[in-house]
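Novice: Residues 1 to 173 (this note's numbering) make up the sequence shown, in order.
These are computed hints drawn from the structure, not numbers from a lab. A hint or two may mislead.
To be verified - Cross-link-like lysine to any residue pairs, in silico, SDA-like; alpha carbons within 25 Å at most: (1) Lys150 to Pro72; (2) Lys150 to Leu134; (3) Lys150 to Glu47; (4) Lys150 to Ala135; (5) Lys150 to Val80; (6) Lys150 to Ala133; (7) Lys150 to Glu96; (8) Lys150 to Glu78; (9) Lys150 to Thr137; (10) Lys150 to Leu169; (11) Lys150 to Glu55; (12) Lys150 to Pro81; (13) Lys150 to Cys73; (14) Lys150 to Thr76; (15) Lys150 to Ala77; (16) Lys150 to Pro79.
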Amino acid sequence: MTTPEFSRPVRAEQIRRMTGDVHIAADADERAALARRFGLVTLDRLEADYALSEEDGAILARGRVRASLAQPCVATAEPVPEVIDSDFTLRFVVEEGSAVEGEELELDAEDVDTIGYDGQQIDMGEAVAETMALAMTPYPRSPQADTALKEAGVLSEEQAGPFAALLALKGEG
């Protein structure tokens, strides 16, 4: 298994002794590697502040992730800048291969994102990187996207949707 680009491991036995928030930030090399991994044009900032605690046999991480990045537009490939500033709550649970037989983890709608770990250590850098990736706009569009799509002959949702025929009739009437 390869080491993540932004690795900040925390051993499970350290968590009880941790007090207060922890601050982590990706350096230039880590940001460049993460930008390649996530297909970003740039990743100018990635940092987080978090606190860890134990609850019901799981490790909880509560904090805030902040990032400044640019993704390529889905239509023009032009950089689309984005700022992420988001709270997160993550629950790290021992992976199935490491869990006690017959032990069952029940989740309800209010539960947080759950990440498996080996029971020895968690990687907060990787967790923060994945949290950033999940918070990014899934299909970024530049201001020129609609024009580029129209010139390429791609129909808009209104033109291709189920009510397109009704709109066409309304326009003719």
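Novice: For every hint, state whether the structure bears it out.
Specialist: Results for each hint:
no., hint, in the structure
1, Lys150 to Pro72, "18 Å, holds"
2, Lys150 to Leu134, "29 Å, violated"
3, Lys150 to Glu47, "38 Å, violated"
4, Lys150 to Ala135, "28 Å, violated"
5, Lys150 to Val80, "19 Å, holds"
6, Lys150 to Ala133, "29 Å, violated"
7, Lys150 to Glu96, "49 Å, violated"
8, Lys150 to Glu78, "16 Å, holds"
9, Lys150 to Thr137, "22 Å, holds"
10, Lys150 to Leu169, "21 Å, holds"
11, Lys150 to Glu55, "53 Å, violated"
12, Lys150 to Pro81, "23 Å, holds"
13, Lys150 to Cys73, "15 Å, holds"
14, Lys150 to Thr76, "12 Å, holds"
15, Lys150 to Ala77, "15 Å, holds"
16, Lys150 to Pro79, "19 Å, holds"
In terms of the numbered hints stated before, the structure departs from hints 2, 3, 4, 6, 7, 11, listed from lowest to highest.
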